[in-house]
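Visitor: Okay, here's what each chain looks like letter by letter:
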Amino acid sequence: MIAAWLKTLSDSGRRDLAFAALTLALFIAVTCAFPGFAAPRNLSGLLDDTAILILLALGQMLVILVRGIDLSIAANLALCGMLAALANRAFPGAGVAPLLALSLGCGALLGACNGLLVWKLRLPPIVVTLGTMSIYRGAIYLLSHGAWVNENEMSGDFLAFTRAQWLGLSTLSWLALGCAALFILVLRGSRRARDLYAAGGNPEAASYAGIDPGRMQFIAYTICGGIAGLAGYLWVARFAVAYTDIALGFELQVIAACLIGGVAIAGGVGSAFGVVLGCLFIGIIRSSLPLVGISAFWQMFINGAVILVAVLLSARRREGQRSILEART
Amino acid sequence: MTAGRLLRWESMLAVVLVLEFVLFSALSPYFLSVDTLSDATFNFTERALVALPLALLIIAGEIDISVAGIIALASVAMGMGAAQGVGTAGLAGIGLGTGLLAGAVNGALVTFGRVPSIVATIGTMTLFRGAAYAVLGDRVLKDYPESFASFGQGYFAGAVSNELALFAAFAVLFGVFLHRTRWGRTIFAIGANPVASRFAGIPVNRYRFALFAATGLFSGLAAVLLTSRLGSTRPSIAQGWELEIVSMVILGGVSVWGGKGSIVGVVLAALVFGLVTFGLGLMNIPGIVMSIFTGALLILVVAVPAWMNRT
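Here the protein sequences come in this chain order: A and B. Position one of the first sequence corresponds to residue 1 (my numbering), numbered consecutively onward. Position one of the second sequence corresponds to residue 330 (my numbering), numbered consecutively onward.
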């Protein structure tokens, strides 16, 4: 019966399932060695630590699905986070809602800049976002004059928003879970999402079918930017500090999470569920390193190794076909 | 037609270079002196040495963004060698060997592993720099023998540094190789149409592998020079250089889509780039603000031709 059910799954569905089993196995292995690892407190902490990565990776996934890549995602986050921190310092009484709107809006605007360059001028995504990455970083310096915004310059509700607990989980965790659920539902069900996959899977065929692949890229970059902007405020509020170099190099971890989660860099293949798993996989490794007694400096190396294994495996499996739009036979 | 356009691109770069000279000598009285200009060359020679093979790689339709990671890895390998008491020649060998090996890993991933070069090198970039961090953590290696400093700090003749002399020699070599030999023509052919090249009997993957290995080797060379000049190794060494090196190549008129480009353009771009960095430094503009300029330049350089082709 299980074999029959497995047959109804698409290729990427099967991959997600196998990867879920692997993640679970990793989790069980760590728990066997360190029983405290599965304690509810530790798990909610793990989710809290991984929440921003999940948010960003979901945005990045959209961009990679349409054959793009957003290297500026961490710089976007840092710039919007700095903006939120400066706005909060200037108007401490304004509350959190305007800050959420500000960071989301600015992020979307920065993402739209990437999207416009890619769509209207057909520039290669890697060059565009490599460029905007350093422009956005530089802009933070110009905004802040290189100074830090510290905890004592942040208002109480600015800091409290991400940390408030609901049913044992922080607002941050709930945001990530909500966003993940939304992505899983929308990417499965909606027509616009199918357009996105089609535009990434085969842009030429998609444009004959009346879908503008460039416009899809623009939409993906804008959404990704918006998420990055929002994550900027969340990051600054969570770590209670804003400066030019926050989240430096984080874009690589985000891309790593996507690749590990089964998103194909060639576009058109990937699922939100897989990406969330990829983030949790990284999160579990990161939080178990100190338990095993390995220095945190190994994290980057392990990420690199995992990326390479993931892309090598997917290069072996991918022989010409794109799995997401295949009929479920 | 193509040659005409490229020539125009290169003359544009030359004009920019002259403008920079005029501007900076007007802005700073210290700019136009042999010593200052000799110092200025250190701003680009190491990066430009990596840009030469990378230009060939990009012309062949691939990309390597792990170059800065390779520099870090090679530098750490040399630092560890130095701590074990390896001599100057041995250290240079370690640096070059590590670079070559790392480049071969990239090449193997792309050819045998059939992984797209961008993903493969994102992975190895993380892996190589990750290895540097894993080994060093927050420590610094600086037990280099005194004679090791001669690579990056020595002068070949007069005000011409070893680095500059090396760059000039390799620029000529690469120029001749790319534009005057059958192998160079083949690289253009692979970049213009890899499938057709394959059908024409060109061992495309062998070329790709060799180009990745060469890019690794030159990253190793850059690591030797940079480490020798700084006299110390931290895992964050050459952080962000991939952006600057790729920018240099693209600013030089090499098409990101492959199949087009020239070494003259890359050399001119390296000069333009180095002078801008140095000139802005003379005017006390911090590095992070310069990165705005670098990023904007990178986008402009690809956007302007795209814009002109559109209309």
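One or more hints might be untrue.
[As the list claims (entries may be wrong)] Ranges between beta-carbon positions, derived for each pair:
#1 A266/A with W636/B: 24 to 30 Å
#2 V618/B with W5/A: 41 to 47 Å
#3 Q482/B with L17/A: 54 to 60 Å
#4 L185/A with P634/B: 38 to 44 Å
#5 F34/A with V618/B: 36 to 42 Å
#6 S354/B with L142/A: 24 to 30 Å
#7 G416/B with A266/A: 46 to 52 Å
#8 P40/A with R535/B: 27 to 33 Å
#9 P92/A with A625/B: 49 to 55 Å
For the record, the hints were derived by calculation from the structure and aren't laboratory data. Just so you know, even glycine gets a beta-carbon here, dropped at the ideal spot from N, CA and C.
Visitor: Decide, hint by hint, whether the structure agrees.
Guide: For each hint, the structure was consulted:
no., hint, result
1, A266/A with W636/B: 24 to 30 Å, "holds (27 Å)"
2, V618/B with W5/A: 41 to 47 Å, "violated (58 Å)"
3, Q482/B with L17/A: 54 to 60 Å, "holds (58 Å)"
4, L185/A with P634/B: 38 to 44 Å, "holds (42 Å)"
5, F34/A with V618/B: 36 to 42 Å, "violated (47 Å)"
6, S354/B with L142/A: 24 to 30 Å, "holds (27 Å)"
7, G416/B with A266/A: 46 to 52 Å, "holds (47 Å)"
8, P40/A with R535/B: 27 to 33 Å, "violated (56 Å)"
9, P92/A with A625/B: 49 to 55 Å, "violated (34 Å)"
Going down the numbered hints, you'll see the structure goes against 2, 5, 8 and 9, while the others check out.
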